[in-house]
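Between the sequences and the hints, there should be enough to build the whole structure, so can you do that?
4 protein chains.
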Amino acid sequence: MTSASVVGGSGFTGGELLRLLAGHPEFEIQQTTSREYANKTVGSVHPNLRGLDLRFVAPDSLDPVDVLFVCVPHGVTMEHIAEYRDLADTVVDLSADFRLPDAELYDTWYDGHVAPEHLADAEYALPELNRENLPGADLIASGGCNATSTMLGLLPLVEAGLLTPDDRVVADVKVGSSEGGAGGGVASSHPERSGVVRPYAPTTHRHEAEIEAYLDLQVSFTVHAVEMIRGSAATCHVYPSELPATKDMWSAFREQYGDEPFVRLVAGGGGVYRYPEPKAVAGSNYAEVGFELDERNDRIVVFSAIDNMMKGSAGQAVHAANVALGFEETAGLEFTGLHPVGSP
Amino acid sequence: MTSASVVGGSGFTGGELLRLLAGHPEFEIQQTTSREYANKTVGSVHPNLRGLDLRFVAPDSLDPVDVLFVCVPHGVTMEHIAEYRDLADTVVDLSADFRLPDAELYDTWYDGHVAPEHLADAEYALPELNRENLPGADLIASGGCNATSTMLGLLPLVEAGLLTPDDRVVADVKVGSSEGGAGGGVASSHPERSGVVRPYAPTTHRHEAEIEAYLDLQVSFTVHAVEMIRGSAATCHVYPSELPATKDMWSAFREQYGDEPFVRLVAGGGGVYRYPEPKAVAGSNYAEVGFELDERNDRIVVFSAIDNMMKGSAGQAVHAANVALGFEETAGLEFTGLHPVGSP
Amino acid sequence: MTSASVVGGSGFTGGELLRLLAGHPEFEIQQTTSREYANKTVGSVHPNLRGLDLRFVAPDSLDPVDVLFVCVPHGVTMEHIAEYRDLADTVVDLSADFRLPDAELYDTWYDGHVAPEHLADAEYALPELNRENLPGADLIASGGCNATSTMLGLLPLVEAGLLTPDDRVVADVKVGSSEGGAGGGVASSHPERSGVVRPYAPTTHRHEAEIEAYLDLQVSFTVHAVEMIRGSAATCHVYPSELPATKDMWSAFREQYGDEPFVRLVAGGGGVYRYPEPKAVAGSNYAEVGFELDERNDRIVVFSAIDNMMKGSAGQAVHAANVALGFEETAGLEFTGLHPVGSP
Amino acid sequence: MTSASVVGGSGFTGGELLRLLAGHPEFEIQQTTSREYANKTVGSVHPNLRGLDLRFVAPDSLDPVDVLFVCVPHGVTMEHIAEYRDLADTVVDLSADFRLPDAELYDTWYDGHVAPEHLADAEYALPELNRENLPGADLIASGGCNATSTMLGLLPLVEAGLLTPDDRVVADVKVGSSEGGAGGGVASSHPERSGVVRPYAPTTHRHEAEIEAYLDLQVSFTVHAVEMIRGSAATCHVYPSELPATKDMWSAFREQYGDEPFVRLVAGGGGVYRYPEPKAVAGSNYAEVGFELDERNDRIVVFSAIDNMMKGSAGQAVHAANVALGFEETAGLEFTGLHPVGSP
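Heads up: the protein sequence lines correspond to chains W, U, P and R, in order. In terms of the UniProt record's numbering, the first sequence opens at residue 1 and continues consecutively. In terms of the UniProt record's numbering, the second sequence opens at residue 1 and continues consecutively. In terms of the UniProt record's numbering, the third sequence opens at residue 1 and continues consecutively. In terms of the UniProt record's numbering, the fourth sequence opens at residue 1 and continues consecutively.
Since the hints were derived computationally from the structure, they do not count as laboratory data. One should not assume that every hint holds.
[What the hints assert, rightly or not] Reference listing, derived: stretches of chain R covered by chain P, where coverage requires no fewer than 3 residues with Cβ under 8 Å from a Cβ of chain P: (1) 185-193; (2) 197-206; (3) 220-226.
For glycine and all other residues, C-beta sits at the position ideal for the given N, C-alpha and C.
Pasting the structure below:
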């Protein structure tokens, strides 16, 4: 068994990682840290893990371990990255600190980077985008959830040459409340947050940077909070120089994702679930992607949906670790989701 | 008092009209029809109206009346329009039958029109767009809810010349489940409909026709069902030939809506509700509009939010009737909405 | 016009009072206080009131006024009660401070009362229970929301002698998240609070004291948080010494509520809404009550439902003030609620 | 591998069974039937199963199989039971047809039983209640979801002698919309069903019969629909002849459930989740049980929560089949649920 520890195990993504690792055939959980909940059981914070015999330890009690998953706020990982890399052969970071390829871009979108010398070592976690560079990686940066959903939708078009850097792309993203994290606050209190369609990042959302960096596209990005807990659904409105034929679209998506274990192509057909939906993937590591052509407006509409806590963070991190360490790609990630299921 | 009857009073918009008319200082409800619920009390269908002493009558029992509000499915009003106009001096139709200015356009987006000779008489109900033509109108066509939310956002730009017919506009709309009507069905059953972000009209939504007809704009229109009951929120991504200055945007919106009793300009500021939201207008006839400039992408993002049952149908109809008949514009429509309030 | 000020206008009940007073034909809002939001507009906190030209003032800026509505946390009103009564002829308090008839009972259920000399002056606000003592009252204590819903269900049985102090009564109450107030906190954050059926006061809920004091009944009281924002629904399981006949039950309820403007008797019949429901009264000052007899278990099941923000606090306060000041009872409270409407 | 088929695979419990069987280490799915969806993929109805290579077959195409799970409406299984038992060594029925021990009791609560000769062969599925009789059983009747949640809460008290047949017990149950099945209908349409606290079986709910039959208790049973999709939460108000000590309560629960793999005792402690909640078990086969003593009212309040689709039907069925066939009890049922998760 490979030992794994989770820094920041009391947050939402930390808890999701603990859940995944507890059910993973290759990993054994060694430790998880929490400043606030040190000595308490993991189940006292994450009720689904009440059966897990594990208590939080203080952050300064971390022991060496094979793989260290880091689930701390943006800006904190980079302060400790040297220490983390000393402790573990493989560090998988779920913050934004090592997602962008260079410090200059980072400084443009976030505050100044304090450990730029590690950036070149970091591999972007999303296997659908970067699988070939993951085996043996010792620093892995899990992607942003909204960047992940958006890029999964656009990637086939880019790879097939149906979408080029000069083309107009609008990404209108809808996300759940778990993106706000476990902290509370008035805006995320139930009475104020319930039932919203709330623009919370109309422009200059930081995930725009990731998309530009990895897809070489300029995307007009806007994020709305909607009534769900888990989920990131991106609707991309794409204006190519020439509208492709439907069969070329299908080819592009099948070419890109035909062998991907976690991407489902959903476009049309009958029934209730005819396009990608967060509900259909809630709790799972699956992404759904699909499209429709709008000849009237020379537009491709691309839909993609993920569970932001899974494919958008903890699941993506485990998937990347599986690839990095040579495990079965789907190990620990086989859960298919539920039907019916509520605000996912 | 002016007498008013409601054809199709058991549906959602019919019930909303009955509620508004019951509290209106100028109208007196004369009759409401329902094939299915004839002889039953209005309150047996609409629980909020249990205090109303009114029973449904069969459709063939309609008596002459001053104003007839018609809330029947698309295609049904036009079959009976001559009869309705015989019965009432003023007919206000909430279906799509008389929304489009000519039969040719109608036939393109819907099925063939069977009463095209009445189209020229019809006035579009939205006072913010068509107030000057409403006084004395004898056939009024209430606008589509998603067209209404979208047009209210774009109108100031069009009027100020900041947006011209050649500019690219994407309207990404999010709507509640009441748009599906009172009928039920598997896709709208609670387990399947709850918590969705579901593309339900990715392209060629019929409301696109109204927008083109009345704003002279080509809009790439996409509608998503989200978890709420009441609400239509439009996010318009606008690419003008030149990005205006913020102060010119404010001028455009203030010029357009400064005197409008039912439009609130909401853009930025502090607090939880910094942009237009359906929650903030739920149950009311208010629309909220706002915007943000995206210099990085030469984009204007315009937000607008309404209650689809009110500003998007029944409230708009009463507002238009108030203007048509010379009543106080806000009569019967003063309710301001609630805070906090859930899936609106 | 009668002048009215609201102490604590930034909280949920404060905002609801401001909404009601702004639309009230007899009241004119003079001031509203907020320590945190002083000088900000009321609409910046309560988005439905963006149209209201009113700013919060600091608590120490309160001027004399005809009626002072006090919406501060439990324990705070009594510290300032002498000052409040100096400022206004009529004080209506929405906290628990003056709800109980004597200091001893208060001390049993809450902490020590610091202004017991005012208790004898206080009149319980619920008109259905205490109408005869309200005219001219100068200190009015609005009832607890869950006590209100429970008592409205049980009152007819008590008055008709169908329920006596020795009979067993279980009150199983379901409430919305607005009861937790505007403050936020982890337990009330959207991800943790959404979709719950959560026992939050399994035993010894303080509203038990009010019920015992005013109905002279011992009630086993348990409160659950459920997924809604507004609403308190009480299901009372009553075991009388002898099960009454259905017609005697109807007589009891009709006798009690036949002339009440805000209580609707709902029991059986067809349709979707066959029993009292919070949805059916959301946003309104109405209460619904109903019952079913269970001969198999010699049990009466009584249902009652209110909007906790309205009939359960702000609406009840205005209703009581209307009675106290001799206004039309329903003044400012005519809104009937909506259909359909979501998590109310 | 043991072959298994699912009759009625397009419904909610059928889909849940297919999900469980697809991930089960001992079972291999052979067939699933659906009259309406014959020849369509399972994934076209259950979007979480889009990855499953399986199509529905017509009901008359059923082949012999080791285990047959039957998910059809009440009254239908018994019409075909002889045929089903000819086809399979083990039949697990999820309807109510074989839940009650004798035909007379069945006829009292349901319509007349048409295959009473099979009743004596049927074993009640709930392992916590009937584990010793399951091994080798060839007809297994999965329990009712609300009976299951209620009995799991009361069983320890009965077994420990803390609750006797003469004691008063009220079971106030809150359930999700998936209990209504996949059919739709106006009352379960999203606008009408969302946000409810709706009494839907105030008295004489049929699950009362199961509880009486298996626990030898008379329980006053009332069921409310609340806003969630999955979940059954029972609050039992118990009045024993003598209130037990807290330590005796803990002993009773630990004695009963200490070795149970799927029952968690949750009572008090800190954090957000201090009592049993449906959210904490959503998607899993776990039950949570807990209690609080109310000395003031000589009452025990017992809380229990399950996912009605899992522990309340499909999970219970698989659990029972595991026991009947000698598999690991937890096989295929290890999923622990999610945190955070919405209307479960």
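Problem set entry | Violations among the numbered hints, reported as their numbers in ascending order | Checked against the structure, no hint fails, so every one of them is satisfied.
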